[in-house]
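Position 49 (the sequence shown) corresponds to 48 in numbering that gives the first Met the number 0; numbering is contiguous.
Honestly, I wouldn't trust all of these hints.
[Claimed, not checked] With a cut-off of at most 20 Å between alpha-carbon atoms, the simulated EDC-like pairs for lysine to aspartate or glutamate come out as follows:
{"id": "1", "residue 1": "Lys16", "residue 2": "Asp56"}
{"id": "2", "residue 1": "Lys20", "residue 2": "Glu6"}
{"id": "3", "residue 1": "Lys102", "residue 2": "Asp92"}
{"id": "4", "residue 1": "Lys20", "residue 2": "Glu42"}
{"id": "5", "residue 1": "Lys88", "residue 2": "Asp67"}
{"id": "6", "residue 1": "Lys88", "residue 2": "Asp60"}
{"id": "7", "residue 1": "Lys105", "residue 2": "Glu93"}
{"id": "8", "residue 1": "Lys102", "residue 2": "Glu79"}
{"id": "9", "residue 1": "Lys10", "residue 2": "Glu93"}
{"id": "10", "residue 1": "Lys65", "residue 2": "Glu81"}
{"id": "11", "residue 1": "Lys16", "residue 2": "Glu6"}
{"id": "12", "residue 1": "Lys15", "residue 2": "Asp67"}
{"id": "13", "residue 1": "Lys10", "residue 2": "Glu66"}
{"id": "14", "residue 1": "Lys95", "residue 2": "Glu81"}
{"id": "15", "residue 1": "Lys77", "residue 2": "Asp56"}
{"id": "16", "residue 1": "Lys15", "residue 2": "Asp56"}
{"id": "17", "residue 1": "Lys77", "residue 2": "Asp67"}
{"id": "18", "residue 1": "Lys10", "residue 2": "Glu24"}
{"id": "19", "residue 1": "Lys88", "residue 2": "Asp56"}
{"id": "20", "residue 1": "Lys10", "residue 2": "Glu42"}
{"id": "21", "residue 1": "Lys10", "residue 2": "Asp60"}
{"id": "22", "residue 1": "Lys106", "residue 2": "Glu94"}
{"id": "23", "residue 1": "Lys77", "residue 2": "Glu66"}
{"id": "24", "residue 1": "Lys105", "residue 2": "Glu94"}
{"id": "25", "residue 1": "Lys65", "residue 2": "Glu6"}
{"id": "26", "residue 1": "Lys102", "residue 2": "Glu81"}
{"id": "27", "residue 1": "Lys105", "residue 2": "Glu79"}
{"id": "28", "residue 1": "Lys20", "residue 2": "Asp56"}
{"id": "29", "residue 1": "Lys77", "residue 2": "Asp60"}
{"id": "30", "residue 1": "Lys65", "residue 2": "Glu42"}
{"id": "31", "residue 1": "Lys95", "residue 2": "Glu79"}
{"id": "32", "residue 1": "Lys65", "residue 2": "Asp46"}
[Claimed, not checked] Distance ranges between label pairs, derived from CB positions:
{"id": "33", "residue 1": "Glu6", "residue 2": "Ile49", "range": "13 to 23 Å"}
{"id": "34", "residue 1": "Ala99", "residue 2": "Gln50", "range": "36 to 46 Å"}
{"id": "35", "residue 1": "Lys88", "residue 2": "Glu42", "range": "20 to 30 Å"}
{"id": "36", "residue 1": "Ser34", "residue 2": "Lys102", "range": "48 to 58 Å"}
{"id": "37", "residue 1": "Ser34", "residue 2": "Leu75", "range": "34 to 44 Å"}
In case anyone wonders, no lab produced these hints; they're calculated from the structure. Ideal placement from N, C-alpha and C gives every residue a C-beta, glycine not left out.
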Amino acid sequence: MINRFSERLRKLREDKKISQKVLSEYLGYGTTAISAYENGRNEPSFDMLIQIARYFDVTVDYLIGKEDRAKWPDSLTKCEWELLQCYRKLTADEEKLVLALMKALKKEEVL
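Let the sequences and hints guide you as you build the complete structure.
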């Protein structure tokens, strides 16, 4: 079964116009490993996912299909993007607590 990771890895590699061999050499794996990833027969380790994401300059979330955006917006730093992604997972009460904490750190009026 082809999964999101498999599809995205193949597309990224083809968009960059590199062969499975070139990618496998960079990652220190055999060509068959890349083929297995792209055909959904195997999945990379967490460390390998990070290496692949760094190579293609995308997020791991994008590689695994959790996010449709390959990179954080240019207007945000990596830290701001990570904070935003975490913030979006909070409950309404947790959001209020985080906002109050941030304002307290900056000594602003807390609503």
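Going through the hints against the structure:
At roughly 15 Å between alpha-carbon atoms, Lys16 and Asp56 fall within 20 Å of each other, so this suggested pair holds. Of the pairs offered as hints, the one joining Lys20 and Glu6 holds, with about 18 Å between alpha carbons and a cut-off of 20 Å not exceeded. Distance hint between Lys102 and Asp92 is fulfilled; the C-alpha atoms sit about 16 Å from each other, no more than 20 Å. For a cut-off of 20 Å, the pair hint linking Lys20 to Glu42 stands: about 18 Å separates their Cα positions.
Using a Cα cut-off of 20 Å, the hinted pair Lys88 and Asp67 holds, with the two alpha carbons roughly 16 Å apart. For the hint linking Lys88 to Asp60, the alpha-carbon distance of about 14 Å falls within 20 Å, and the restraint holds. Restraint check for Lys105 and Glu93: the C-alpha separation of about 18 Å stays at or below 20 Å, so the hint holds. Taking the CA atoms of Lys102 and Glu79, the gap is near 16 Å; set against the 20 Å cutoff, the hint holds.
Between Lys10 and Glu93, the direct Cα distance comes to roughly 38 Å. Violation of the 20 Å bound is thereby established for this hinted pair. Taken as a hint, the Lys65 and Glu81 pair is honoured in the structure, with Cα atoms around 14 Å apart against an allowance of 20 Å. Restraint check: the Cα-Cα separation between Lys16 and Glu6 comes to about 15 Å, which is no more than 20 Å; the hinted pair holds. Restraint check for Lys15 and Asp67: satisfied, since their Cα atoms lie roughly 18 Å apart, inside the 20 Å limit.
For the suggested pair Lys10 and Glu66, the alpha carbons sit about 15 Å apart, so the restraint of at most 20 Å is met. Pair hint Lys95 plus Glu81 holds up; C-alpha atoms about 18 Å apart against a cutoff of 20 Å. Between Lys77 and Asp56 the alpha-carbon distance is near 12 Å, which keeps this suggested pair within the 20 Å criterion. Between Lys15 and Asp56, the direct Cα distance comes to roughly 11 Å. Compliance with the 20 Å bound is thereby established for this hinted pair.
Of the pairs offered as hints, the one joining Lys77 and Asp67 holds, with about 16 Å between alpha carbons and a cut-off of 20 Å not exceeded. Only pairs whose Cα atoms come within 20 Å are accepted, and Lys10 paired with Glu24 is accepted, the gap being roughly 18 Å. Note on Lys88 and Asp56: the hinted pairing is violated, with a Cα-Cα distance of about 24 Å set against a maximum of 20 Å. Restraint check for Lys10 and Glu42: the C-alpha separation of about 16 Å stays at or below 20 Å, so the hint holds.
For the proposed pair Lys10 and Asp60, the alpha carbon gap of about 16 Å is at most 20 Å, so the pair holds. Our distance criterion of 20 Å between C-alpha atoms is met by Lys106 and Glu94, whose separation comes to about 18 Å. Only pairs whose Cα atoms come within 20 Å are accepted, and Lys77 paired with Glu66 is accepted, the gap being roughly 15 Å. Annotation: proposed proximity of Lys105 to Glu94 holds, straight-line Cα distance about 17 Å (limit 20 Å).
Restraint check for Lys65 and Glu6: the C-alpha separation of about 13 Å stays at or below 20 Å, so the hint holds. Taking the CA atoms of Lys102 and Glu81, the gap is near 19 Å; set against the 20 Å cutoff, the hint holds. Simply put, Lys105 and Glu79 have alpha-carbon atoms about 16 Å apart, close enough for the 20 Å limit, and the pair holds. Proposed proximity of Lys20 and Asp56 is supported: the alpha carbons are some 19 Å apart, at most 20 Å.
Proximity of Lys77 to Asp60 is assessed by CA-CA distance (about 13 Å); at most 20 Å being required, the pair is judged to hold. Proposed proximity of Lys65 and Glu42 is supported: the alpha carbons are some 15 Å apart, at most 20 Å. At most 20 Å may separate the alpha-carbon atoms for a hinted pair to count; Lys95 and Glu79 meet this at roughly 18 Å. At most 20 Å may separate the alpha-carbon atoms for a hinted pair to count; Lys65 and Asp46 meet this at roughly 17 Å.
Distance hint for Glu6 and Ile49: a CB-CB separation of about 19 Å, consistent with the stated range 13 to 23 Å. One distance hint, 36 to 46 Å for the beta-carbon pair Ala99 and Gln50, holds here, with the actual separation near 39 Å. Range check, Lys88 to Glu42: about 24 Å between beta-carbon atoms, so the 20 to 30 Å window is met. The beta-carbon spacing between Ser34 and Lys102, approximately 52 Å, falls within the hinted interval of 48 to 58 Å.
Between Ser34 and Leu75 the C-beta distance comes to about 35 Å, which sits within the given range of 34 to 44 Å.
The structure is inconsistent with the numbered hints 9, 19, although it conforms to all the rest.
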